[in-house]
Amino acid sequence: MKNFAKLTAVALAFSAIASANASVINLQTGFSGAGPQATAEAYRAVVDAAVATPGAGYGSTVLASYDNMSNHALFGSSTNIAFKSTINFGVQAGETGNWSFRAGVDFGGGGAVFLDGHAVDFRNTDMWWAGNYGNSSQFFQFAANIGAGNHTITMYGLEGCCDGAQQFQFNSGSGFHSFDNQTLNPVPEPETYAMLLAGLGLLGVMSHRKLKAKAA
1 MKNFAKLTAV ALAFSAIASA NASVINLQTG FSGAGPQATA EAYRAVVDAA
51 VATPGAGYGS TVLASYDNMS NHALFGSSTN IAFKSTINFG VQAGETGNWS
101 FRAGVDFGGG GAVFLDGHAV DFRNTDMWWA GNYGNSSQFF QFAANIGAGN
151 HTITMYGLEG CCDGAQQFQF NSGSGFHSFD NQTLNPVPEP ETYAMLLAGL
201 GLLGVMSHRK LKAKAA
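Numbering (the working numbering), first residue to last: 1 to 216.
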């Protein structure tokens with residue numbers, strides 16, 4: 001029984017490492033009949049309130065890729081939608097520098113984008129990118145000097161009808177790529193390494209005891 005407990009602790013340590021190394025794209029939607037907002041912060045407040053109680057036809061999920069995404073394909077409703085997308089990603093020391101970002105959306109009531117808690121783009125006009133980035137007034141775009149470590153992009157938007165497919169991309173110097181769960185893995189936190197070392201220590205103790213038992 002003691003050995004089982006130790007093995008469980010080791011498994012948990014390795015599980016923590018695995019989860020820390022998987023980039024996460026969270027989507028939350030809810031019902032909202034709200035129109036254009038005056039500020040980026042107002043969009044955040046309205047959308048946060050709507051997604052807190054999603055109701056039928058709306059919901060939350062973790063996306064494998066931020067490409068060709070729509071509420072009606074995931075949850076059913078194609079009208080009166082509040083969107084909140086949260087993208088957590090990590091940047092290694094050799095990947096730092098000036099990055100570009102763009103998001104093709106269908107936000108009839110406009111929306112806003114935040115990077116690490118700061119508003120980086122805001123539009124309170126009807127936005128529909130129609131599958132291309134030819135008209136800069138119809139999509140979000142921004143650039144930022146991205147340092148090493150973990151970062152969070154949060155996008156808020158309002159759509160009355162009819163929920164066209166969306167996309168969110170980044171360019172770190174080699175062209176634009178859609179965010180997905182295989183790229184830009186978050187950097188593990190120090191406590192994660194501590195858990196792994198603790199797990200490895202338990203393995204060492206167990207191996208040592210087995211050797212002593214055999215020798216006896």
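Do not take every clue at face value.
[Claimed, not checked] Restraint-style ranges between C-beta atoms, simulated for each label pair: (1) Q141 <-> A42: 18 to 26 Å; (2) E41 <-> S100: 18 to 26 Å; (3) S136 <-> A93: 16 to 24 Å; (4) P36 <-> G175: 26 to 34 Å; (5) E95 <-> C162: 31 to 39 Å; (6) P36 <-> G147: 29 to 37 Å; (7) A73 <-> G149: 15 to 23 Å; (8) N68 <-> E95: 37 to 45 Å; (9) A52 <-> A119: 38 to 46 Å.
Honestly, the hints are just simulated from the structure, not real lab data. A virtual CB, placed ideally from N, CA and C, is assigned to each residue, including glycine.
Is the gap between the beta carbons of E41 and S100 within 18 to 26 Å?
24 Å, holds
Beta-carbon spacing of Q141 to A42 - inside the hinted bounds 18 to 26 Å or not:
21 Å, holds
Do the Cβ positions of P36 and G147 conform to the proposed distance bound of 29 to 37 Å?
Since P36 and G147 have Cβ atoms about 33 Å apart, the given range 29 to 37 Å holds.
Mind checking the hinted window 15 to 23 Å against the Cβ distance between A73 and G149?
Roughly 33 Å apart at Cβ, these two residues miss the hinted range, so it is violated.
Falls inside 26 to 34 Å, the C-beta gap from P36 to G175?
33 Å, holds
Regarding E95 and C162, is the given constraint of 31 to 39 Å on their beta-carbon distance met?
38 Å, holds
Starting from the range 16 to 24 Å, see whether the pair S136 and A93 falls in it by beta-carbon distance.
Violated, at about 32 Å.
For the pair A52 and A119, does the Cβ-Cβ distance stay inside 38 to 46 Å?
21 Å, violated
Indicate whether the distance between the beta carbons of N68 and E95 respects the range 37 to 45 Å.
Distance hint for N68, E95 is violated at roughly 26 Å.
Hint compliance for this structure: hints 3, 7, 8, 9 are broken, all remaining hints hold.
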